[in-house]
Amino acid sequence: MNAAAKVLAGCKPMTRREIAARLADDIPEGWYVNLGIGAPLQVADYVPAEREVIFQSENGVLGMGPAPAPENINRWLINAGKQYVTLRPGGSYMHHADSFALIRGGHLDLCVLGAFQVAENGDIANWSTSDNESAPAVGGAMDLAAGTPRLWVLMEHTTKTGESRLVRRCSYPLTAIGVVKRVYTNLAVIDMTNEGFAVRDMVPGLTLDALQSVTDAPLRMA
Amino acid sequence: MNAAAKVLAGCKPMTRREIAARLADDIPEGWYVNLGIGAPLQVADYVPAEREVIFQSENGVLGMGPAPAPENINRWLINAGKQYVTLRPGGSYMHHADSFALIRGGHLDLCVLGAFQVAENGDIANWSTSDNESAPAVGGAMDLAAGTPRLWVLMEHTTKTGESRLVRRCSYPLTAIGVVKRVYTNLAVIDMTNEGFAVRDMVPGLTLDALQSVTDAPLRMA
Amino acid sequence: MINKIVKDMAEAMAGIRDGSVVLIGGFGSIGQPNVLIGGLIEQGAKDLTVVANNSGVGHVGLAALLETGRVRKIICSFPRTADPVVFEKLWREGRIELECVPQGTMAERMRAAGAGIPAFFTPTAVGTKLAAGKEEREINGRRYILEEALPGDVALVEAWEADRWGNLTYKSSARNFNPVMAAAAKLTIVQTQHIVELGTLDAEKVVTPGIYVNRVLHVPYGEPTVT
Amino acid sequence: MINKIVKDMAEAMAGIRDGSVVLIGGFGSIGQPNVLIGGLIEQGAKDLTVVANNSGVGHVGLAALLETGRVRKIICSFPRTADPVVFEKLWREGRIELECVPQGTMAERMRAAGAGIPAFFTPTAVGTKLAAGKEEREINGRRYILEEALPGDVALVEAWEADRWGNLTYKSSARNFNPVMAAAAKLTIVQTQHIVELGTLDAEKVVTPGIYVNRVLHVPYGEPTVT
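Sequence order for the protein chains is L, Y, H and U.
With numbering that gives the first Met the number 0 as the guide, the letters of the first sequence map in order to residues 0 to 221.
With numbering that gives the first Met the number 0 as the guide, the letters of the second sequence map in order to residues 0 to 221.
With numbering that gives the first Met the number 0 as the guide, the letters of the third sequence map in order to residues 0 to 226.
With numbering that gives the first Met the number 0 as the guide, the letters of the fourth sequence map in order to residues 0 to 226.
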């Protein structure tokens, strides 16, 4: 049983959906938010419609709503993950240059991305594992990471084999440098500060020592 | 009686409106055309509606039509000269960055500008006479001159005091360098070639020698 | 519930600081937010830099703002509309600084600011005195100069329709600089002819999405005068 | 009378040369002009460089074009949609060159091409391996890299409505790269679901004005499949 497995056995790690819900709680009404493909997209499910948060999709959709009922699908309306979505009243469309002008221009309040690694200097690696077997594919990740003033990462705390995803320096190819502001994992919520990672809260049953034992980069309480 | 006056007495110079009409004859159907403020704006009056030429105005109007009847004025619809205009069926609006992207991107087939001077190297001076009494005001002239692949100039051949406006080198502040393709004056139509000015045609009664006598830069027949 | 519609001019103008760069929409008086300009005069911020295509006409709107003496500098393509009496006097007396910028370069510099582009190369003004002091580079055999983004602290915008999210449409050529400035400023304040219910604007027709808008003031003031 | 509507595919594809840079609209299959891609396959131009956000799915559309072996290089942000079997095979066998570009940089490089901007600075990709070999500069304390315009010889575009002047609207998120590419290419060819009479499109709602369009082919082919 590796260190990670021991730690996980001693507490109740969150599921992906629980992390998404935890993150969603921290998004106030009125924010403009881009959710990266994969797990981050689930965050939208936990923001109640009466709390108006405006979701943007890189493919030119501002004011995205939930998935449509099968009988109401608009086949020209998808999100960045190429899933059918809806448009909320007040939503609008724009072309790709305008969409990324919005992203690069820093107009979003928040972007949530998944990641392979986040480093204590705020670097993020989320687009490539240097696996030369498949072609590189960056999509909009670098634009979102470099452009959004507030980048939160949603990811498992460790890899399946127990390696820390919060690292001193990323070993995978970088997506952007010094941009991550907060990390939501299945074990904790961790802020990025000028002094590195600072733990905001942990799942019940977890101690800072136990969390540190599965984390490569040094941690302190916020 | 100066040289210019003598030449003018020996032929029948065109009026501003005649120059505009002469130029309009050379615009084929299907061209996208920007007409500079002042005399060039009159060119539109001599393109019959059935010959579809699409006029653009720098303030975001594509497909501009003639002045409206007083009872049909749309007070939000003006041209670059701040005169009320109409929109033809098929016309559309765009914002200023898109309008100048269109201009700078070289998408117009033709731009017609007035000028103080045109030089045999294609330089144009049309925005300032270095008069330090009034503030500099360039408007869209530099964008139009640098951006449009085909720039024609419509101007009097000489100044009121008889000085040539077709010069070896411009003495007034430049608008753009090496861009003029053709000049329509009250005396002649003159192409810009790699070897300088080449006269395409002259008003009846005028000879090349007489035209040269009122022109600073050397002329040849095209 | 998001509601960017403000109740009065004081709320619209709150917090505009001395020294701000203020982007003011309009081409001549068409699309120029004259009521907001009046509010800014009332609000009293000074030492302003104003970015606007023209420099005001007679003694109204932008000209009235200049006349207060609170504008240190104007960035402008054409300070010579019909009756620029206020500007010309200030300029001759050396009481206002003028940066004359080609119109398309001015628009693109603001577009760049909104789009996170700090600088770009352009062929406009190459070889002219407006290129003085600017970096020049030959790219693929043609000469270009480098121009920098022009961001605003505040944008004053005139719209045709607006909803409570701040989505905007414009009318005809009154669109002009307004959408570009809305995206280029940190604080975008809108005067609109019409307020409409959220969801009634055609999603395919919104020109400025609400993300670029902070405050909307309903000013059904009628038709502009061309000057 | 201006009439950009062409009668058949042969007329739509006439003159596309070997070695062309072909911009192909769409985000995945939404807004992708698959019928025109079929026409390009039929037309036979080879040694092409294709610019598209994705690299094709299964054996249809863009994937079918790649499968002909006539695409020398693809410029693309995400060559990994659902079933990129054709592209992956070509790439592993070294039979196609890939330039992987961040999606927003790709969009902006084409926007720049259409706008007469030869190069611009951007923060995207700074410090990453996609910035390798690119000029870097610090501007106002932040690091940026220089990116060049990406013009096309040909753009293949899917529209919702078109008129005989080539004015276009798009449907929902099928807008995506299409308007940007229409403006960035020398020859823009459109397949449209609907042809409408000149003057019936709302002047406030036209997304691509006809100045950016050369040929329009009426292809009322129905709804896209998401892949």
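Hints in this document: simulated from the structure, not taken from any laboratory.
Please note that a few of the clues may not be correct.
[To be verified] Here are the simulated distance ranges between beta carbons:
| no. | chain 1 | residue 1 | chain 2 | residue 2 | range |
| --- | --- | --- | --- | --- | --- |
| 1 | L | Pro203 | U | Glu137 | 19 to 27 Å |
| 2 | U | Lys45 | L | Glu70 | 25 to 33 Å |
| 3 | U | Arg142 | H | Ile138 | 47 to 55 Å |
| 4 | U | Lys45 | H | Ala131 | 31 to 39 Å |
| 5 | H | Gly14 | L | Glu70 | 25 to 33 Å |
| 6 | Y | Ala68 | U | Lys185 | 38 to 46 Å |
| 7 | H | Glu137 | Y | Ala20 | 26 to 34 Å |
| 8 | L | Thr158 | U | Lys185 | 33 to 41 Å |
| 9 | L | Asn71 | U | Ala9 | 34 to 42 Å |
Remember, it's a predicted structure, so these values are computed and weren't measured experimentally.
Where is the CB? At the ideal position from N, CA and C, for every residue including glycine.
Using the Cβ atoms, figure out if glycine 14 (chain H) sits within 25 to 33 Å of glutamate 70 (chain L).
-> violated, 48 Å
Using the C-beta atoms of lysine 45 (chain U) and glutamate 70 (chain L), is the stated range 25 to 33 Å upheld?
-> violated, 45 Å
Range hint 47 to 55 Å (beta carbons of arginine 142 (chain U) and isoleucine 138 (chain H)) holds or violated = Because 21 Å falls outside the window, the suggested range is violated.
For the pair asparagine 71 (chain L) and alanine 9 (chain U), does the Cβ-Cβ distance stay inside 34 to 42 Å?
-> holds, 39 Å
Given the hint of 26 to 34 Å, check if glutamate 137 (chain H) and alanine 20 (chain Y) actually sit that far apart at their C-beta atoms.
-> violated, 41 Å
19 to 27 Å as the expected CB spacing between glutamate 137 (chain U) and proline 203 (chain L), which holds or is violated | violated, 46 Å
Should the hint that lysine 45 (chain U) and alanine 131 (chain H) are 31 to 39 Å apart at their CB atoms be regarded as holding?
-> Given a distance of about 49 Å, which is not inside 31 to 39 Å, the answer is violated.
Taking the CB of threonine 158 (chain L) and the CB of lysine 185 (chain U), does the distance hold inside 33 to 41 Å?
-> Violated - the Cβ-Cβ distance for threonine 158 (chain L) and lysine 185 (chain U), about 49 Å, lies outside 33 to 41 Å.
Go ahead and decide if the range 38 to 46 Å is satisfied by the Cβ distance of alanine 68 (chain Y) to lysine 185 (chain U).
-> Holds - the Cβ-Cβ distance for alanine 68 (chain Y) and lysine 185 (chain U), about 40 Å, lies within 38 to 46 Å.
The structure fails hints 1, 2, 3, 4, 5, 7, 8 (numbered hints given earlier, in ascending order).
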